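Sequence lines, in order, name chains A and B. Residue numbers for the first sequence, in numbering that gives the first Met the number 0: 0 to 346. Residue numbers for the second sequence, in numbering that gives the first Met the number 0: 0 to 105.
Worth flagging that the hints you see were computed from the coordinates, not collected in a lab. Note that the structure is a prediction, hence the values are computed from the model and not measured. All residues carry an ideal CB built from backbone N, CA and C; glycine is no exception. Some clues are possibly wrong.
Claimed, not checked - Mimicking DSSO-like on lysine-lysine, the simulated pairs with C-alpha atoms at most 27 Å apart in a straight line are:
id	chain 1	residue 1	chain 2	residue 2
1	B	Lys57	A	Lys216
2	A	Lys233	B	Lys57
3	A	Lys298	B	Lys34
Claimed, not checked - Computed list of chain A residues with no C-beta within reach of chain B, every gap over 10 Å:
id	residue
4	Arg147
5	Lys150
6	Leu171
Stated by the list, open to error - Which residues of chain B face chain A? A few of them, derived with a C-beta cut under 7 Å, are:
id	residue
7	Cys42
8	Val75
9	Glu76
10	Pro100
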Amino acid sequence: MTKNKHKTDVIIIGAGPVGLFAVFELGLLDMKAHLVDILDKVGGQCAELYPEKPIYDIPGFPVITGQDLTDNLMAQIEPFSPIFHLQQMASSLKKLENGNWELSTDFDTIIEAPVIVIAAGGGSFMPKKPNIPRLEEFEGTSVFYSVREMKKFEGKNILVAGGGDSALDWTLNLEPLANSMALVHRRSEFRAAPDSVSKMMKLVNEEKMDFHVGDIKELHGLNGRLNSVTVHPKGADAYRVECDTLLAFYGLTMKLGPIAEFGLNLEQNLIPVDTEKFETSTPQIFSIGDINTYPGKLKLILSGFHEAALMAQQAFRYVYPDKKLRFQYTTSSSSLQQKLGVDDKAA
Amino acid sequence: MQIYVTDQEGKEHALDAIEGWRVMEIIKDHGLPLKAECGGACCCATCHVYVHEDWIDKLFDMRDDEEDMLDEAMEVEDNSRLSCQILMSEDLDGLKVTIAPGTEPE
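Pulled out of the complex, with its shape left as it was, chain A reads as follows (with noise of 0.2 Å):
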């Protein structure tokens, strides 16, 4: 299989604020960045939980939202040319012979740098699991928490469940392939985008698809293979949906994952670091942003900030041991002012 390999500077763990902001402190230095992000999208939490959510505490804005943060970020970054390793969690850390680090994702994504740095804030974002019994003997098998390619549900007999806009969306695009398909949720009301939830009663009032309110108690079925769920509806008798194949759409929310088997010292699931760098117990690996403790840590973006720009001052010596670090201004210095394409906007 040929491996997707790269050689860079700096690999960031983590596309939020912090691991975004930190990729200007870097190219400031002259320092080149890839970065590894399990969402779909960059801005971490701001883009994937409060997107539209106003913040009243990032120095310089009275308000502004965790969407046009990160597309400022993202436009603030820019000169820089950083690369993105978008939908693949970082899943192990290896030291190299030559003294550099070789990150792997669980896409097969093979990154070489003599600096890591995680600011992966509160961890990776993984699907929620239901609390319903027996449900680990069908993982991988019938029930399903994401879906890659769609080819695999070619003419199962599916029961979807959620009420957001992923269960919609894969309902409405499994249901041309598949067998059967139904859909299950706790209320008659969706927090969906309108369009999917007309278009999906429409496929039921064609009698194309089912509609279920209720909540999954039971799985039934054998040696992985599922055949049936117990859906109990709100004070009504429970009943038996067959199914085949179970994707449960309930949210995201945020486990440190594969970080924690990365040989790094952990204090409650946070990594510590020493506030004149930002460095971790092992050379070469700092951590930045919410992930990151040490005494008198707030988890604010602000901090992050900052501790973003210290860590670079000492990744600098690691990636140019030869040079001399000058510290210089962006609003005084015109090779910074360069690197920030200045002259080019001007002009």
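Dock chain B against the given chain A, drawing on the hints supplied.
Chain B in isolation, oriented as in the chain A frame:
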């Protein structure tokens, strides 16, 4: 002012409450295990609680975004609420809630 919070293990805690704070913040401030990962933005459902029947009618009605977000909570009942959406006030002195499953920090 106090609130009474039953944790995931079934143990009840009497917590000092402060007017204007969200019940989620009071629970976390006392160090009880509550994930509340979005930090009170009504965006995650990991601060899900069951409100004791005596208190349900004393709360403000749920807004649509809270009802929507409960879709991502586990084992939702008629007395389910997100504790980040309950604002502490004198009227709620003595409020009783039970932390719901699916809210345990990692």
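Hints and how they fare:
1. Between the alpha carbons of B/Lys57 and A/Lys216 the distance comes to roughly 31 Å, so the proposed pair goes past 27 Å and is violated.
2. A distance of roughly 24 Å separates the Cα atoms of A/Lys233 and B/Lys57; the hinted pair therefore holds under the 27 Å criterion.
3. Under the criterion of a C-alpha separation no larger than 27 Å, the hint pairing A/Lys298 with B/Lys34 is consistent with the structure, at around 15 Å.
4. The beta carbon of A/Arg147 is kept farther than 10 Å from every beta carbon of chain B, the shortest such distance being approximately 22 Å.
5. For A/Lys150, the non-interface assignment is confirmed: its Cβ lies about 28 Å from the closest Cβ of chain B, beyond the 10 Å cut-off.
6. In this structure A/Leu171 is separated from chain B by more than 10 Å, as the shortest Cβ-Cβ distance comes to about 18 Å.
7. With a least beta-carbon distance of about 4 Å to chain A, the hint placing B/Cys42 at the interface is held under the 7 Å criterion.
8. Given the 7 Å rule on beta carbons, the hint for B/Val75 holds: about 6 Å separates it from the nearest Cβ of chain A.
9. The beta carbon of B/Glu76 is not positioned within 7 Å of any beta carbon in chain A (closest approach about 9 Å), and the interface hint is therefore violated.
10. Given the 7 Å rule on beta carbons, the hint for B/Pro100 holds: about 6 Å separates it from the nearest Cβ of chain A.
The earlier numbered hints that this structure contradicts are 1, 9.
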